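Trainee: With the hints as your guide, set chain V onto chain U.
Chains as they are written, first to last, in the working numbering: chain U, 1 to 287; chain V, 1 to 275.
Hints may be right or wrong, so weigh each one.
[Unchecked claim] Lysine-lysine pairs mimicking BS3-like chemistry, simulated, CA-CA at most 30 Å apart:
1) U:K250 <-> V:K98
2) V:K98 <-> U:K199
3) V:K98 <-> V:K187
4) V:K234 <-> V:K245
5) U:K181 <-> V:K98
6) U:K250 <-> U:K181
7) V:K98 <-> V:K245
8) U:K164 <-> U:K146
9) U:K187 <-> U:K164
Because the hints were derived from the structure by calculation, they are not lab data. Because the structure is a prediction, the values reported are computed rather than measured.
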Amino acid sequence: MVLNKFLHDMGLSGLVTGAQLADFFRALLILGVGLLLARLLSTLAWRVAGSRLGKQESMLVRRFVFYGLVVLLVAVTLHRLGFQLSVLLGAAGILTVAIGFASQTSASNLISGLFLIAERPFVVGDIISVDGATGEVLSVDLLSVKLRTYDNLYVRIPNETIIKTRINNLTHFPLRRVDVKIGVAYKEDLAHVRAVLMKVAEINPLCLEEPPPLFIFMGFGDSALEMQFSVWGMRTNYLELLNTVHMEIKAAFDLEGIEIPFPHRTLYAGSATGPLPIRVVEERTDQ
Amino acid sequence: MIPRRAVGGSWWGEFEFKPRETRYWQLGPFSLWVQRTPAEFRVTTGSGVDLDQTALRVGETWSESIPEGHELVRYSVGEAEQGLEIVPLMADRSIIVKSDTTFIVPPGRTVMAYVSSPLWMRAQLLEPKRVLHEEPMLRPSDTWWGPSTLEGELCYAIRTSVRYDLDNLPLRPHRAVSAVWVVNQAKTPLQLDRIRLPIPNLSLFSDTNGRLWTEAVTLVRGQDDDLASVRLEKSPPVEAGPCAKVVGPRFEPEKNLLIRAFAGLLGQRKDRGWF
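With the rest of the complex left out, here is chain U (with noise of 0.2 Å):
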């Protein structure tokens, strides 16, 4: 009665009906609160999930949980209304195949993520390498994965690029190998550099005794002997031992006497001629 009186008031009551208002607004309170209800259980089932399963999987429940429950929502919203669902699911099921050629890029990108997921290459909080971008991976969503990287910047990457790409993971596995390039001057004996390369590792208390490190021989340089030092540590402490190992390396050579050159260039002008000759000049002082 009140409704039949604001339409009339309104000057609407030829337009609508009170009724048909009144499912208007029930429809819209049904809306309203079940989506409050959706995002409840929705964190609800994140929680009981994020107990038993990983960060990932529980992330997965939770949009399945909110987003099924949004579709639910939405039907029963539409025939509140007074839709007929059947023919709506029939127009929508042309209208997918008209969406479908327009969005070939989204669909290519749902169907990766499918993939991504069931393959699990790499799970949230891991760290990975993906097209130029390292970081620390937020979140593995269907069309997209979403990274911080060290300098706090977010970068989306498409599934479809992950799938093609090639991707470092580079916390998949414990252990992580420094590989340090040196060279040392031709006239250093090579046993002894090797030594005292091994008294670092041995010191570093980072350096992990076993895997034992590698002394790898890289051959005759321009300048250089040329040389791979290769210690293992823990993946936690990779970056503290990529700096200390260095530092440490150049510390020791300093005090054994071990020359790090730098690029030299001998001039021989042939056997043909004498050699190149040279003039001292010396600094003229005014008298």
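Mentor: Quick look at chain V alone, frame taken from chain U:
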């Protein structure tokens, strides 16, 4: 200066501090200064170069300024807290003992060796007992104990001369001695170049000289692999003489502990694929 409750020639126990007093401990290569200021305990620690040092100075009053270049940590405490307990502790991970020389136990033989491992120091308030500071007196190197880089466990590594005679064992305040029995019941010889000891499961005992001991450990190798059943005895070996318990284990040991205790079994080392 005399600690309120300390055992024998030991460096641990409860220590009272006068206002603004600084006390000093020298435990082998490890130096510890604890200063009581009106609102803080200031803990300064440092390590020497000679790791086999045996120097021992216990809670002496330090009247000079603390040498620079050491790490200082400040703990805010109430005015009523005038005492600290200094406690020795075993390491928080298993220790891999690597022998300087190769030693082989033939099939059916049993050997006993003494192994010394570095200790941790903990400073805690008296009542209620709250941990203020904990650190190793000698930080051992990390090592990986497992068949590959994909699976295994992070442990500490120590390189030591495995000694068979107690007289050859120097009394070092920063280390505890474990008597390890190795029983080889398998049909193949056992190369004892690296042994894993479940150090966090061991308690600490003190003998009359102030030397710290752990329970004796028996490793029995029954099959031709690197697994061993580990038996922790109730007390240190009889060679230690009368001992008093100082502190319990970090983690209670499991019953019937079966661990991968040996490595470097003959002919197996090259198969690891570390590259």
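Trainee: Now, for every hint given, state plainly whether the structure supports it.
Mentor: Going through the hints against the structure:
With a CA separation close to 28 Å, the supplied pair U:K250 and V:K98 stays within the 30 Å bound. Proposed proximity of V:K98 and U:K199 is supported: the alpha carbons are some 16 Å apart, at most 30 Å. Straight-line distance between C-alpha atoms of V:K98 and V:K187 comes to about 23 Å, which keeps the hinted pair within the 30 Å bound. Between V:K234 and V:K245 the CA atoms are separated by roughly 11 Å; this keeps the pair inside 30 Å, and the hint holds.
Only pairs whose Cα atoms come within 30 Å are accepted, and U:K181 paired with V:K98 is accepted, the gap being roughly 29 Å. Taking the CA atoms of U:K250 and U:K181, the gap is about 12 Å. The hint holds against a cut of 30 Å. A distance of roughly 28 Å separates the Cα atoms of V:K98 and V:K245; the hinted pair therefore holds under the 30 Å criterion. Distance restraint check for U:K164 and U:K146: the Cα-Cα separation of roughly 17 Å lies within the 30 Å cut-off, and the hinted pair is therefore satisfied.
Our distance criterion of 30 Å between C-alpha atoms is broken by U:K187 and U:K164, whose separation comes to about 49 Å.
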